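Make the full structure from the sequences, and use the hints.
2 protein chains.
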Amino acid sequence: MDAGSYTVYMEPGLRHRFASRIASVAAAHRFAIVTDEHVGPHYADALAASLAEHGGVSVHVLPPGEAFKTRDTWAKVTDELLAAGCGRDTTVVALGGGVVGDLAGFVAATFMRGVPVVQCPTTLLAMIDASVGGKTGVDTASGKNLVGAFHEPAAVLADIEVLRTLPVAHRRAGLAEAFKHGIIADAAYLASLDASAGSILAGDASATLDAVARSVKIKAAVVSSDAREHGLRKTLNFGHTLGHAIEHVSGYALLHGECVAIGMVLEARVAERLGVAAEGTSDTIEGILLRAGLPVRPPRDLSSADILAATRLDKKARGGTVEYALPERIGVMAANGHAWSIAVDDAVVRAVLA
Amino acid sequence: MDAGSYTVYMEPGLRHRFASRIASVAAAHRFAIVTDEHVGPHYADALAASLAEHGGVSVHVLPPGEAFKTRDTWAKVTDELLAAGCGRDTTVVALGGGVVGDLAGFVAATFMRGVPVVQCPTTLLAMIDASVGGKTGVDTASGKNLVGAFHEPAAVLADIEVLRTLPVAHRRAGLAEAFKHGIIADAAYLASLDASAGSILAGDASATLDAVARSVKIKAAVVSSDAREHGLRKTLNFGHTLGHAIEHVSGYALLHGECVAIGMVLEARVAERLGVAAEGTSDTIEGILLRAGLPVRPPRDLSSADILAATRLDKKARGGTVEYALPERIGVMAANGHAWSIAVDDAVVRAVLA
Numbered sequence: 001m002d003a004g005s006y007t008v009y010m011e012p013g014l015r016h017r018f019a020s021r022i023a024s025v026a027a028a029h030r031f032a033i034v035t036d037e038h039v040g041p042h043y044a045d046a047l048a049a050s051l052a053e054h055g056g057v058s059v060h061v062l063p064p065g066e067a068f069k070t071r072d073t074w075a076k077v078t079d080e081l082l083a084a085g086c087g088r089d090t091t092v093v094a095l096g097g098g099v100v101g102d103l104a105g106f107v108a109a110t111f112m113r114g115v116p117v118v119q120c121p122t123t124l125l126a127m128i129d130a131s132v133g134g135k136t137g138v139d140t141a142s143g144k145n146l147v148g149a150f151h152e153p154a155a156v157l158a159d160i161e162v163l164r165t166l167p168v169a170h171r172r173a174g175l176a177e178a179f180k181h182g183i184i185a186d187a188a189y190l191a192s193l194d195a196s197a198g199s200i201l202a203g204d205a206s207a208t209l210d211a212v213a214r215s216v217k218i219k220a221a222v223v224s225s226d227a228r229e230h231g232l233r234k235t236l237n238f239g240h241t242l243g244h245a246i247e248h249v250s251g252y253a254l255l256h257g258e259c260v261a262i263g264m265v266l267e268a269r270v271a272e273r274l275g276v277a278a279e280g281t282s283d284t285i286e287g288i289l290l291r292a293g294l295p296v297r298p299p300r301d302l303s304s305a306d307i308l309a310a311t312r313l314d315k316k317a318r319g320g321t322v323e324y325a326l327p328e329r330i331g332v333m334a335a336n337g338h339a340w341s342i343a344v345d346d347a348v349v350r351a352v353l354a
Numbered sequence: 001m002d003a004g005s006y007t008v009y010m011e012p013g014l015r016h017r018f019a020s021r022i023a024s025v026a027a028a029h030r031f032a033i034v035t036d037e038h039v040g041p042h043y044a045d046a047l048a049a050s051l052a053e054h055g056g057v058s059v060h061v062l063p064p065g066e067a068f069k070t071r072d073t074w075a076k077v078t079d080e081l082l083a084a085g086c087g088r089d090t091t092v093v094a095l096g097g098g099v100v101g102d103l104a105g106f107v108a109a110t111f112m113r114g115v116p117v118v119q120c121p122t123t124l125l126a127m128i129d130a131s132v133g134g135k136t137g138v139d140t141a142s143g144k145n146l147v148g149a150f151h152e153p154a155a156v157l158a159d160i161e162v163l164r165t166l167p168v169a170h171r172r173a174g175l176a177e178a179f180k181h182g183i184i185a186d187a188a189y190l191a192s193l194d195a196s197a198g199s200i201l202a203g204d205a206s207a208t209l210d211a212v213a214r215s216v217k218i219k220a221a222v223v224s225s226d227a228r229e230h231g232l233r234k235t236l237n238f239g240h241t242l243g244h245a246i247e248h249v250s251g252y253a254l255l256h257g258e259c260v261a262i263g264m265v266l267e268a269r270v271a272e273r274l275g276v277a278a279e280g281t282s283d284t285i286e287g288i289l290l291r292a293g294l295p296v297r298p299p300r301d302l303s304s305a306d307i308l309a310a311t312r313l314d315k316k317a318r319g320g321t322v323e324y325a326l327p328e329r330i331g332v333m334a335a336n337g338h339a340w341s342i343a344v345d346d347a348v349v350r351a352v353l354a
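Here the protein sequences line up with chains A and B, keeping their order.
Letter by letter, the first sequence follows residues 1 to 354 in our numbering.
Letter by letter, the second sequence follows residues 1 to 354 in our numbering.
Since the hints were derived computationally from the structure, they do not count as laboratory data.
Computed from a predicted structure; not experimentally measured.
Each hint should be verified, as a subset may be incorrect.
For chains that are exact copies, the list does not tell them apart, and a pair is met inside one copy or across any two.
Claimed, not checked - Calculated lysine to any residue pairs in the SDA-like style (CA-CA distance at most 25 Å, straight line): (1) Lys76 to Ala309; (2) Lys76 to Tyr252; (3) Lys76 to Arg312; (4) Lys217 to Ala205; (5) Lys76 to Gly143.
See below:
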């Protein structure tokens with residue numbers, strides 16, 4: 001599927017042809033595979049062996065999880081590439097979930113002022129969302145993705161067969177972003193996802209492939225019309241302002257998709273309270289998320305004041321007021337002129353969090 | 001002067017109008033001035049005071065010198081911006097020489113995935129060369145500029161009056177890059193610079209402004225035809241492969257421009273030895289540099305083997321062989337097809353270094 005300047009390949013069994021596909025879209029003297037301790041043992045050796053027919057190969061294994069998506073890890077991986085003899089003529093291969101994709105993408109974006117990256121997402125969330133669109137970056141103590149770059153992949157290679165080994169909690173978290181795509185752009189897709197969520201969680205290949213394809217199509221269309229997030233792309237942030245804040249305050253104890261689910265319900269309530277969204281929008285969203293087994297409220301041990309404070313660290317906190325992408329109704333986001341985001345007073349958010 | 005998508009302003013006395021110019025090319029909610037301990041005391045307070053009419057202002061002062069152009073400094077400045085409350089709607093102002101420009105540019109390139117930077121170069125070298133073209137980055141223990149990004153400035157504001165306080169050694173180092181522009185693209189400019197070098201070193205405003213204007217014109221033409229350095233832009237690296245190696249091995253004890261001067265003489269000798277350059281090219285270059293008081297040989301205490309080894313760390317070391325941009329004759333670089341660089345065997349470089 002075309003995603004602007006690059007292609008998203010979605011073929012069951014594609015992992016057996018990753019190497020030749022990588023070599024054809026981003027030929028290089030060296031290939032640096034970046035993966036983590038969960039994914040590496042399953043797939044990195046086979047990929048390294050087949051890539052070796054096309055150039056030098058090094059494998060860089062990260063500790064798993066968002067807690068390691070830091071500047072320190074980025075610097076360490078960069079130094080490993082330098083030690084392995086990588087120069088400008090290197091292609092970085094991101095083999096893993098969203099954290100690996102963001103971090104490896106940022107390494108590629110900044111290594112020798114930019115080398116190609118091929119995204120090989122291995123989680124539902126990364127296939128559906130994170131690997132498409134060119135956002136890369138790392139977290140700092142102040143918040144998520146505060147340091148990064150836009151760096152489009154040379155290609156995205158998604159093999160849904162690798163999801164067989166993905167824990168169901170992670171499959172569920174990936175569904176949250178798929179629901180988001182339906183909510184922001186396609187009510188019919190949301191309804192069909194609501195019906196097929198059980199099959200996807202159970203690992204049904206056809207239902208999963210359909211969701212990946214429809215989500216990537218929505219995301220690619222949004223991103224290719226506004227790569228740098230000056231307008232329409234902001235709609236993809238629905239659920240993420242409060243979602244990121246909850247993720248940050250929880251110390252990344254919750255999965256990203258779980259936080260987005262909670263964030264979507266809360267932000268839809270904000271939208272209703274402001275009269276932006278039709279009444280009942282948040283209840284509809286909550287019902288769908290609950291049926292899929294996703295959380296819809298912040299854990300009790302997180303303080304509302306801390307969550308509110310964390311929203312101010314968001315990149316979307318422009319000019320002192322925090323901006324939200326809000327729905328008008330299922331399938332349609334509020335344009336607010338061409339801004340696609342709305343400044344919301346803390347008082348409204350505080351009331352929703354109460 | 002137009003440099004592709006942005007403008008280079010060169011007006012004596014422009015520093016008094018920096019703030020309004022910055023606000024007009026890159027309006028923002030906050031302005032983060034990045035400067036160093038040498039330049040800050042002269043100009044930062046006045047700039048901060050006048051920028052305060054256009055938004056919030058914070059000032060970030062670096063220790064001076066290439067030794068601090070590191071990922072650690074980059075992270076520290078980034079964290080200072082976050083602590084100052086900077087969000088996406090921030091413009092970074094780089095007020096200083098090449099090091100400040102590279103580092104502040106990289107902060108801007110990666111802050112919230114990219115915010116605008118306005119380059120206000122305060123050295124001859126930065127005005128003539130570093131501030132134009134969008135290269136940003138930092139050094140690592142492995143070599144210069146190995147981590148960075150292409151991030152074009154919103155504008156370049158050069159006031160040659162600030163060069164009054166620039167030590168003559170730094171003015172001389174800036175001249176080296178101006179000579180480079182003549183050597184790679186304009187023999188007539190090189191001849192006129194050879195004649196006016198004494199006036200420029202003495203601080204003559206008209207000779208200096210002429211050199212800045214002609215150099216920026218050459219650099220901007222090259223860069224706008226090949227921003228990402230796939231071809232013609234490589235000619236700007238003349239003198240830099242060995243220059244960077246010498247700079248690295250010297251522990252940054254020599255100024256960048258001094259190393260480029262030495263590098264140009266050595267690389268011209270490489271070109272003659274390979275039969276690429278007309279005989280006498282290196283002697284002509286050496287004569288001009290000597291007349292301007294620039295060094296033309298590596299310091300005796302640097303080992304040739306170390307310098308040679310350091311060339312392999314270069315970004316231009318593609319596929320295991322180090323690539324050089326080499327002259328054919330004064331004013332004309334060797335195209336080598338459309339590559340604009342030539343792989344050179346270590347043996348040839350070793351012979352020239354001997």
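We went through each hint and held it up to the structure:
1. Lys76 to Ala309: Result: close only across copies, 22 Å inter versus 31 Å intra.
2. Lys76 to Tyr252: both (21 Å within a copy, 23 Å between copies)
3. Lys76 to Arg312: For Lys76 and Arg312, only the inter-copy Cα distance (20 Å) is at most 25 Å; the intra-copy one is 30 Å.
4. Lys217 to Ala205: within (18 Å within a copy, 58 Å between copies)
5. Lys76 to Gly143: Answer is both: 20 Å inside a copy and 15 Å across each meet the 25 Å cutoff.
No hint from the list above goes unmet by this structure.
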